[in-house]
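These are the residues of each chain, in order.
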Amino acid sequence: MTGRAVNVAKQYDAVVVGAGIVGAACARALAIEGLRVLIVDGRYAAGGTTAAGMGHLVVMDDSPEQLALTALSLELWHDLSRLLNGEVEYDPCGTIWVAEDSAQLDAVREKQRMYAEYGVASQVLDAAGVAAAEPNLRAGLSGGLLVPGDAVVYPPRAALWLLEDARRRGATLLEDSNAGVKELFDHGVRCGDRDIEANVVVVAAGAEAAKLVPELPIVPRKGHLAITDRYPGFVRHQLVELGYLTSAHQMTSESVAFNVQPRTTGQVLIGSSRELVGWDGSMNRDILRRMLDRAAAFMPSLTDLSVIRTWTGFRPTTPDKLPLIGPWPAHAGCWIAAGHEGLGITTSVGTGRLVADLVVGRTPPIDAAPYAPARVLDATLPAQAGHSSGHSS
Amino acid sequence: MSARETVRIVVDGEELEVKKGVTLAAALLDAGVYVFRRSVHGDPRAPLCGMGICQECRMTIDNVAHRRSCLITVMPGMVVSTGQVSP
Numbered sequence: 001m002t003g004r005a006v007n008v009a010k011q012y013d014a015v016v017v018g019a020g021i022v023g024a025a026c027a028r029a030l031a032i033e034g035l036r037v038l039i040v041d042g043r044y045a046a047g048g049t050t051a052a053g054m055g056h057l058v059v060m061d062d063s064p065e066q067l068a069l070t071a072l073s074l075e076l077w078h079d080l081s082r083l084l085n086g087e088v089e090y091d092p093c094g095t096i097w098v099a100e101d102s103a104q105l106d107a108v109r110e111k112q113r114m115y116a117e118y119g120v121a122s123q124v125l126d127a128a129g130v131a132a133a134e135p136n137l138r139a140g141l142s143g144g145l146l147v148p149g150d151a152v153v154y155p156p157r158a159a160l161w162l163l164e165d166a167r168r169r170g171a172t173l174l175e176d177s178n179a180g181v182k183e184l185f186d187h188g189v190r191c192g193d194r195d196i197e198a199n200v201v202v203v204a205a206g207a208e209a210a211k212l213v214p215e216l217p218i219v220p221r222k223g224h225l226a227i228t229d230r231y232p233g234f235v236r237h238q239l240v241e242l243g244y245l246t247s248a249h250q251m252t253s254e255s256v257a258f259n260v261q262p263r264t265t266g267q268v269l270i271g272s273s274r275e276l277v278g279w280d281g282s283m284n285r286d287i288l289r290r291m292l293d294r295a296a297a298f299m300p301s302l303t304d305l306s307v308i309r310t311w312t313g314f315r316p317t318t319p320d321k322l323p324l325i326g327p328w329p330a331h332a333g334c335w336i337a338a339g340h341e342g343l344g345i346t347t348s349v350g351t352g353r354l355v356a357d358l359v360v361g362r363t364p365p366i367d368a369a370p371y372a373p374a375r376v377l378d379a380t381l382p383a384q385a386g387h388s389s390g391h392s393s
Numbered sequence: 001m002s003a004r005e006t007v008r009i010v011v012d013g014e015e016l017e018v019k020k021g022v023t024l025a026a027a028l029l030d031a032g033v034y035v036f037r038r039s040v041h042g043d044p045r046a047p048l049c050g051m052g053i054c055q056e057c058r059m060t061i062d063n064v065a066h067r068r069s070c071l072i073t074v075m076p077g078m079v080v081s082t083g084q085v086s087p
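Read top to bottom, the protein sequences are chains A and B.
For the first sequence, counting from 1, position 340 maps to 340 in the working numbering; every step adds exactly one.
For the second sequence, counting from 1, position 36 maps to 36 in the working numbering; every step adds exactly one.
Chain A extracted, bound-state conformation (with noise of 0.2 Å):
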């Protein structure tokens, strides 16, 4: 049976898997069409990659496609600034891509023009304009641009209240260990010990997916992350060096790039690495001091700033960059919600937006195709290295 009518037999019409930022947006998407929608997460609700993210809501263009998605859903994601509660600590504070020298102030002229296209405002900085911006960054900078748009948002917070909205529009939320899905089948999935029967499956488990669905290539790209005591006002717009696109592109085995953001606490937080170690959350000293060293390349003046946590977490990532959002051919019913990378809160939205249209066969606002998961049976995809069948927990 591959019809979208309701079975009254049924008691859910969709089941996402994973309680994450995506499948939390997954959901409430659902629910707003009027859904029955049961969230499984095997562990607990916004407990994974999206615990351990920045929150940087933020438009990018590695890619036309990936500029498309996060423009989307910085949109989204501007409608929902009204409805948020305080805990979800938003933030509108505004990117800025810091150019280290001419050259790369060139590329901020080039990604201006590009944000244009899709509507993005941005504005370009000179030096003068970037040092009176952020007058904790070095002297010597070439510039940079401002994104106004782009936020921050606290991830985990961000994701309850989304769960929480879908569960005021009727969904229900079934996080322990008894909820884990061991197997997909077509219209339905084995959660635990029993089978749920569903119209419409969404698999949203992030870098966990490829567990559940080992055809998925996506997998766990570690990062650092540290964050400083209280100090309000030291900065004041989410910081990023130009490069770090390069960092984030690249498939190389580490990267990392300066990447800072203000909390709304007045706490600094830090970023980024990105390691291909499989599963392993360890602690790697080296990478973190190459970390913290990039970043005080850019802003000498946070070595005086106290450090309190540092942390790691894995990003869900796919060979060409692009998230997993469609039809998953190998199921009836069977959708894919996964493989966001580093910007899976940005997106989270704009895939719930993209997988409700797609359900109800509605035309989406951006074209889906260039993130349909059949993509990857395309035996042109370059194979995934360093691919674990490990726990993470």
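Derived from the structure by calculation, the hints contain no laboratory data.
Any given hint could turn out to be false.
[Unchecked claim] Residues from chain B that keep clear of chain A, each with C-beta distances beyond 10 Å, as calculated: (1) GLY13; (2) VAL40; (3) GLY52; (4) ARG58; (5) SER81; (6) THR82.
[Said to hold, decoys possible] What follows is a set of in silico ranges between Cβ atoms, one per label pair, in the way DEER data are often shown: (7) A:GLY47 <-> B:HIS41: 21 to 31 Å; (8) B:VAL40 <-> A:PRO300: 53 to 63 Å; (9) B:VAL35 <-> A:ARG236: 53 to 63 Å; (10) A:THR303 <-> B:GLY83: 25 to 35 Å; (11) A:TRP311 <-> B:GLU17: 40 to 50 Å.
Quick caveat: nothing in here was measured; it's all calculated off a predicted structure.
Backbone N, C-alpha and C fix where the C-beta goes; we use that ideal spot for every residue, glycine too.
Given the coordinates of chain A, work out where chain B should sit on it, guided by the hints.
Frame of chain A; chain B shown alone:
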């Protein structure tokens, strides 16, 4: 050292005469200062452990934020800020 020996420091912009030769935390508590800093939600905080572990006695001391007043000996002329989250 006599218990009556004192030093003058500045607390939140006002001069205060406090006991000499003890930690800043002890001197402030002795002088009746009970709010050392504010939590992220604005709640008052004061020393708990007195030995540098609990972090509750952090203050801005001589313009450096988040110093543990229980580990620092009070000195004449110290400028101290309490009850705020930052310098």
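Consistency of the hints with the structure:
Every beta carbon of chain A lies more than 10 Å from that of B:GLY13, the smallest distance being close to 19 Å; the non-interface claim holds. In this structure B:VAL40 is not separated from chain A by more than 10 Å, as the shortest Cβ-Cβ distance comes to only about 5 Å. At roughly 13 Å, the least C-beta separation between B:GLY52 and chain A is larger than 10 Å, which holds for a residue marked as non-interface. Distance check on B:ARG58: its Cβ comes as close as 8 Å (rounded) to a Cβ of chain A, failing to clear the 10 Å threshold; non-interface status is violated.
With a least beta-carbon separation of about 13 Å from chain A, B:SER81 lies farther than 10 Å from that chain, consistent with its non-interface assignment. Chain A leaves B:THR82 outside its interface by the beta-carbon criterion, the shortest separation being 15 Å against a cut-off of 10 Å. Between A:GLY47 and B:HIS41 the beta carbon distance is about 23 Å. The supplied range of 21 to 31 Å therefore holds. At roughly 27 Å, the beta carbons of B:VAL40 and A:PRO300 sit outside the given window of 53 to 63 Å.
Restraint check, B:VAL35 to A:ARG236: a C-beta distance of roughly 28 Å breaks the suggested window 53 to 63 Å. Remark: the range hint 25 to 35 Å for A:THR303 to B:GLY83 is upheld by a beta-carbon distance near 27 Å. Judged by the Cβ atoms, the range 40 to 50 Å given for A:TRP311 and B:GLU17 holds: they are separated by roughly 45 Å.
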